[in-house]
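J.: Could you build the full structure based on these sequences and the hints that come with them?
As given, the protein sequences belong to chains A and B, one line each in that order. Take our numbering: the last position of the first sequence gets the number 337, and nothing is skipped along the way. Take our numbering: the last position of the second sequence gets the number 314, and nothing is skipped along the way.
If you're looking for bench data, these hints aren't it; they were derived computationally from the structure. For clarity, every value in this text was computed on a predicted model and none was experimentally measured. Even glycine gets a Cβ: it sits at the ideal position worked out from N, Cα and C. Any given hint could be a false lead.
Claimed, not checked - Facing chain B, from chain A, some residues (calculated, C-beta under 7 Å):
| id | residue |
| --- | --- |
| 1 | Gln51 |
| 2 | Val195 |
| 3 | Ala197 |
| 4 | Gly200 |
Unchecked claim - DSBU-like cross-link-like pairs, simulated, lysine-lysine; straight-line CA separation at most 35 Å:
| id | chain 1 | residue 1 | chain 2 | residue 2 |
| --- | --- | --- | --- | --- |
| 5 | A | Lys113 | B | Lys272 |
| 6 | B | Lys272 | A | Lys162 |
| 7 | A | Lys191 | B | Lys272 |
| 8 | A | Lys325 | B | Lys272 |
| 9 | A | Lys283 | B | Lys272 |
| 10 | B | Lys272 | A | Lys159 |
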Amino acid sequence: MRTARTCRRELLVAVLVACLGALAGGLAAPPAVTAGAAPGKMGMIMPGTIQDSDFNTLGYLALQQIQKQHGLAVSHSEQVAVADAERVAREYLGSGYSIIAFHGAQYLTMVQKLAPQFPSASFIIVSQGRGLPANVWNITRKFHEGFYPLGVLAARATKSDKIGYISGIRLPDFIASLNAAYEAVKQTNPKAQFVYAFTGDQNEPVKARQTAEAQIATGVDVIISSLNLGILGVVEAARGARTPVYVTSFYTDKSAMAPKVYLTSLVLDFGTPYAAIVDHILKGQRGGNYDMRPGSGMELATILNTSPEVVKQVQAVFQEVVRGKAVPEILDRIVVP
Amino acid sequence: METLLAVLADVQFWRLVLVMAAPLMLAALGELLMERSGILNVAIEGMMAVGAVLAFVVTFRSQSFLAGIGAAMLGAAVMAALLAWYAVTQRASQLTAGLALFILGLGLASLIYRVSIGIRLTPPRVPTLPPVAIPGLGELPLLGELLFRHTALVYAAVGLTLLASLGLFRTPLGLRVRATGENPRAVDVLGVSVAGIRYGAAVVGGLCIGAAGAYLPLAITGTFSEGMVGGRGWIALMLVIFGRWTPGPACLGGLLFATVEALEIRIGILTKVIPPQFLSMLPYLFAIVVLVRITQGAQAPRALGVPYHRESRT
Chain A
1 MRTARTCRRE LLVAVLVACL GALAGGLAAP PAVTAGAAPG KMGMIMPGTI QDSDFNTLGY
61 LALQQIQKQH GLAVSHSEQV AVADAERVAR EYLGSGYSII AFHGAQYLTM VQKLAPQFPS
121 ASFIIVSQGR GLPANVWNIT RKFHEGFYPL GVLAARATKS DKIGYISGIR LPDFIASLNA
181 AYEAVKQTNP KAQFVYAFTG DQNEPVKARQ TAEAQIATGV DVIISSLNLG ILGVVEAARG
241 ARTPVYVTSF YTDKSAMAPK VYLTSLVLDF GTPYAAIVDH ILKGQRGGNY DMRPGSGMEL
301 ATILNTSPEV VKQVQAVFQE VVRGKAVPEI LDRIVVP
Chain B
1 METLLAVLAD VQFWRLVLVM AAPLMLAALG ELLMERSGIL NVAIEGMMAV GAVLAFVVTF
61 RSQSFLAGIG AAMLGAAVMA ALLAWYAVTQ RASQLTAGLA LFILGLGLAS LIYRVSIGIR
121 LTPPRVPTLP PVAIPGLGEL PLLGELLFRH TALVYAAVGL TLLASLGLFR TPLGLRVRAT
181 GENPRAVDVL GVSVAGIRYG AAVVGGLCIG AAGAYLPLAI TGTFSEGMVG GRGWIALMLV
241 IFGRWTPGPA CLGGLLFATV EALEIRIGIL TKVIPPQFLS MLPYLFAIVV LVRITQGAQA
301 PRALGVPYHR ESRT
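T.: Written as structure tokens, this is what we have:
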């Protein structure tokens, strides 16, 4: 006679077999991106939250714009750590996504690894990468060109002749921007001192505030920032300072938050490059490079809290860079003493 | 070039140490109360995250600091009460329940922020708490700026440390709380409700932890960001052990940790010889070294993490 225990045992075995079967079926025939398949889906992998009102928000908005303009199905993954990026990308690829955008230079090694393994997919990355596979579009942010005028602005705006630079992670882009800002300060105001710090996190306002306050305590009165959400901590430090301290930011214009402490922002527009690249991909050009630089996806917001002569000089310098003034790009080492 | 001695002699440096130590002190006090009653709470980080987001969102919507801080304290207290329910009524593993609440708290904080604020190109912010000078004392040279011109939450952290010390070691209620953490059966025999004490300690502890969470957006950044608690909840857990479950030393530990953290940043500005990655590690390395040394001979409350069951024979 079959007992309840026997029935339960049989049911358990049946469930286990079913699970194993599903797993085997899944492993045996992973859906792959087939050559020549219509590129109908685009996924974007981002290092931070899309609520940062900064880098990641711009990426998200660019993705939404692509959905509207090109009719692609889109999806995004936020706060993807570098260690998880490959897994997330493979899940997209396995689900039939044929365009994968890595919205962050920290994912460069993932792209270099995955692109050759998935030749029929197209990849986009925002980085300083060189010699990338043929199915990768690279968006190069010429930050050094954008930060050069910010260095000129800081050099002219400082009253204490002490300028600070705060960034989060040591990506080549930010090292290049630090070096360019330092060069500009050295050329414009040779007696100004320049200090810098990397907080370790682009989006940590508490650490950023501590760092900014430490710099302000040493006499810094202008802070050039290449932080994302962390800029909010720098702004709070500037607002709380006993003497006037001014900050610059980038990606979006955040002067409305604290107009009395803002100098300007280096505003970036990712909508245009992403849309142009997707257009190229859909027409069959699956690899290439797109430069974001002053005048092409990079603009200077209104300059505040400084004299009209300084505003005029900085805008003139910016236009010189737009027209092609050479700004040294040093990515691999920090030249600031 | 500024020297390290000049940094240590700078009043601003020590003032900032106190500012950054305050949330650690508040969180450690809350945890200490819970642990003294016998409840192990490893969800501090999650509770602080919920406190931080509620403080920011409610302050942003209502333009009232009081409402924001109140909401933060209430949110964390609810989570603490939930932990107490698992620990006291369900007699479940406090470590497991705490870890689950920690993860829940982090996710809940992100969800609350996403639903309330949405996606904006200009980050929302609230004004930070203004410093309040204590009449008379705030004008003292050096000491005035160092100790008597801070935000209300800093004063609360210091005041609660004194109150907790007096309350735990000088009042009958404090004795009952400590006894519940050492020998709940003895407390039960005297007719005092062990569950009542533990629930009460959990809720009060949660209120303190919520205030610690509220401190981050309302006193430091003016905004909320995911991950802004930054491990401070775990540091608070360490501080309780560092202080040997006593309020004063636990809060001193908070000051010590904040000092090392502040030094890390200043040294990073003074010299580039030391790799910044090593400097970032310094506060936590310090915490481990001190903890290993200090905890030799330290005794946790005997009934910490142990569910109490009246009918149990052991």
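J.: For each hint, tell me whether it holds in the structure or not.
T.: Each hint, compared with the structure:
The interface hint given for Gln51 (chain A) holds, since its Cβ lies 6 Å from the closest Cβ of chain B, which is under the 7 Å cut-off. With 7 Å as the threshold, the beta carbon of Val195 (chain A) comes within range of chain B, its nearest partner Cβ sitting at about 5 Å, so the hint holds. For Ala197 (chain A), the suggested interface contact is upheld, since its CB lies about 6 Å from the closest CB of chain B, less than 7 Å. At a threshold of 7 Å, the smallest CB-CB gap from Gly200 (chain A) to chain B is about 5 Å, leaving the interface hint in force.
A threshold of 35 Å between alpha carbons decides the hint, and for Lys113 (chain A) with Lys272 (chain B) the separation of about 33 Å falls inside it, so the pair holds. For the hint linking Lys272 (chain B) to Lys162 (chain A), the alpha-carbon distance of about 17 Å falls within 35 Å, and the restraint holds. For a cut-off of 35 Å, the pair hint linking Lys191 (chain A) to Lys272 (chain B) stands: about 20 Å separates their Cα positions. For the hint pairing Lys325 (chain A) with Lys272 (chain B), the CA-to-CA distance comes to about 31 Å; that is within 35 Å, so the pair holds.
For a cut-off of 35 Å, the pair hint linking Lys283 (chain A) to Lys272 (chain B) is broken: about 49 Å separates their Cα positions. A hinted pair counts as satisfied when its Cα atoms are at most 35 Å apart, and Lys272 (chain B) with Lys159 (chain A) qualifies at roughly 25 Å.
The structure does not agree with numbered hint 9 stated previously, though it agrees with all others.
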